Structures are given as C-alpha cells and as structure tokens.
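Residue numbers (the numbering used here), protein chains in the order written: chain D, 1 to 77; chain F, 1001 to 1412.
Just to be clear, a hint being listed does not mean it is correct.
[As the list claims (entries may be wrong)] The calculated label-pair distances, taken between Cβ atoms and stated as ranges, are:
1. F:L1121 to D:K30: 41 to 47 Å
2. F:S1043 to D:E20: 40 to 46 Å
3. F:E1059 to D:Q77: 35 to 41 Å
In case anyone wonders, no lab produced these hints; they're calculated from the structure. As the structure is a computational prediction, the values presented were derived from the model and not from experiment. Here a beta-carbon is modelled for each residue, glycine too, at the ideal position from N, C-alpha and C.
Residues per chain, in single letters:
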Amino acid sequence: MADTFTRVKSIIVDRLGVDEDKVTLDATFKDDLQADSLDVVELIMELEDEFDLEISDEEAEKISTVGDVVTYIEQHQ
Amino acid sequence: MKRRVVITGLGVVTPLGNDVSTFWDNLVAGRSGISRIESFDVSSLPVQIAGQVKEFEVEKYLDPKEARRIDRFAQFAIAAATQAVEDSGLDIREENADRVGVYIGSGIGGIHTLLENHNVLRERGPRRVSPFMIPMMIANMASGHVSILTGARGPNSASVSACATSTNAIGDAFKIIERGAADAMLAGGSEAAIVDLAIAGFANMKALSTRNDEPTRASRPFDKDRDGFVMSEGAGVMVLESLDHALARGARIYAEIIGYGMSGDAYHITATPPDGSGAYRAMRQALEDANLRPEDVDYINAHGTSTELNDKSETLAIKELFGEHAYRLAISSNKSMIGHMLGAAGGVEAIATVKTLVEGTLPPTINYETPDPECDLDYVPNQARKAQPQVAMSNSFGFGGHNAAIILKRYS
C-alpha cells in the first residue's frame, strides 16, 4: 500500500503541480487537488502506464479520491 | 461617429529577438535570423533552414506545468501578449474586463501537438491520445489562453487566413474598437510550424528557398535570384485602444491605425494572380477606409516573401494603385531578415511598421544584390535609412487568395 501510494503521489505531484503534502488518501481530485476532468483522464493514462493495468471508463468515473485510485490499483495488480 | 483607434503596446517573439527592442535593433542593423534547423534531423528534407525562435524562456510567462499543456504557438502568443499588455500599462480588472478583447490568429495552429499525438495514436493506440490534444492544437487557442490569463472578457475571436492571418486579426480588432464594441483589443498572430511535415509540404509546393548552404542569404525579397520564402516562427501582438480610452488613462501612444482593407483573389489555391489584382483591391480598400490619396502613403511594409510570384505581383499592384508615386515611396520587406512567420507575419510586421513611424528609420530589405527588372521600386536595399514617414501601409497575402492591408499613421 505504502509503495503504491508513494508512486501514485509522485505522479499526481508531477502532473497536477500540487504540493506533496496535499496529496493524502482522503484528498479529492476535483476539490482538494483542483483537477478538472481532462487532468483526471491524463492522470489515469499515466497510472495505467506506471502500473501496467487498464482502468475502464466506468471504473474511472467512480474514482473521486486519491485513496480510490490506490485501492483500485492494489486490487487489480 | 467612428472612434479613432491607437496602438499603445507592443510584444514580439521572433528569430531576431524575443522582445521588441532587441528585435528592432537587429532589424535596423540588417541582421538575418535564418539558420540551419537544429531542433530535429533535417538530413532527408529538401529544405534545411528556417527562422527559429532561440532562447525562448517560457518560464518568464508561464508556470512550467501549465506550459506543458500549451502548444508552442500559443506559448509564443502568450509571451507576446504579456509583453504588449505590460508595455501599454493597461490594467485589465473587474470594471473594464468586459470591454477588453482578444483577437490573435494562427495560420496553422498546434501542429507540434498534432504530430506528437498522431505518433502516439499509431504506436500506442487511441487510448493514449492526450485529452489535451484538441485544446492544444486548435488554432484559436492563442486567443483563448490570452483571455484566460489576462482576464479580458470582451470580444474574442481568431482569424485563420494563412499568411494574412494577423493582418486580418489586427484589422478586424481595429474595426471592433472603431464601432464601439470594445475599448481595447490585444491583436496579432502566432505561429510555430517548423516541423518536418510542414517543411516537406511547403517544400513540395516549391514555395521554399533551397539555399541550404547560405541560410542568411536565402530570403531575398525583390532580388532577381530569389528562390522562395524561408519559413519561420514567432508571434506579434499589439494593444489597440480607442483614442479616448488611451488619453483618459494617460497612455503612451505609439501610432494610430486608420485604414483596413481585405479582398479575395477568386483565382487559385496558392498562386497570386500575375497582375496582383487581389493585393491591389485590398490596398485600395485600406486607402479608401483611411480616406487618403495614394500620394499620402510614405512607406509600405511589403508582404515581400521572396517568392518569384509574390514579389512581382505585389510590385505590380503597388504600381497600379500608386501610379508615379510608387517610385517615390519606400518599400521594404522584414522577411528578408526574419523569414516568413506565416500567420504571425502580419503581427510582427505591423509592430515593425509602428517602430518605423516612431523611430523615423526604415528597416532595409537585405540580400538585395541583383535588381529584377520586374521589381523596380525603392526597396530600401541592404541599409536602413533615416526618414520621417507619416503614413505607412503593411501588407499580408495568404494562400487561398486572402489579401489584407492596414494603414498606420504617426500619432499627433
């Protein structure tokens, strides 16, 4: 978990240009990290590459927090 | 009543410098900004030279993270617009934002982005195409970004008329202020199309100079040995403002814009009619709009591309319109030094025309060595010249048969 979260965090920090300490498991992409829908699509592409998995559009739509992403990745690796 | 419109701010990104004073000094010194293309492998291309923007510091204008989602052409526009707004001292705030507009065109748009994503599509499939591809690529995005960054909420549009793009943008913006729909407009154009695909396309049209071994001598408008234009990149944006608005806020006024004309050739997709009749109609209309006689014009910043066809037909059009006065007025082509910035050409050249009026110096047409009997006017060959032009015209003509001309006047 910790390792997945660290890797996810580093991608988020790089892509969204947010401070590292804002990227918590509870942080929401839209409100807390100020990501718009295009940012989220791009982020998911990066995560798919990084973790070598595919996140379907339906699954992607359910993601709202950083924790959602980490959990999804943990479960599908 | 028509409102008078003046120019109060200037900004450029060019192969001869990324600010107005460096650009102007190099232009007056007769330096060439053309060099061998370094940013990618050109060994298989028939044309290997261009006017490249060098040492562009995007971080002066944009957060690097933001910049990653903005194509090079729009980055140039943002840089030029930021300079122009700063130069003008125009403060865009809540109370006036609805009366400040943006009109910045591009002939080609985000072709770097398009190519990168096309490669991604071919190599990795549609799921990897960036969600930012469309907003990075579309040619109107310079106007979009500049509006977002400056907060300007007034009239907003973008012209796409090939090499006439930014003269159309400036002319249209002038008319928007003249009719009272805005108090100020950020207007001009930007282009960043130095990529292998575009070079190959233009080269295969035989539009480009192939003087690869002598880049600085390749762009030679009106010279008998000209063999095509040299592609270049950059942006030019100016702040246009109603005279009343400029006076009310105590702005420094560079010059006045007093005429705009445009026309279509209705002739051929790329060739100009040999008699230059389309160019003639645009210039005549600009004169009529300015309510001037031909002999009132002292200087023409020519389209002057260095192609066989343009320079001949533009010369003919000038002679047709100005008659005997064509031999008395001075003409020069900035493209001899900066190359052809396509959709940005008219913006940068309008700014050079403003400086020409303000500084009382005519920039030269460099590489003018062998006179062409069909181009027999005063092109200010090779050396800048002191003069006191009161009225100047700037021409731009584009593929598709778009012709545009604006007339600027010393402010008094």
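Hint-by-hint comparison with the structure:
1. F:L1121 to D:K30: 41 to 47 Å: violated, 28 Å
2. F:S1043 to D:E20: 40 to 46 Å: Hint holds: Cβ distance 44 Å, inside 40 to 46 Å.
3. F:E1059 to D:Q77: 35 to 41 Å: Given about 37 Å between the Cβ atoms, the range holds.
In summary, the structure is inconsistent with hint 1 from the numbered list given earlier, while agreeing with all the others.
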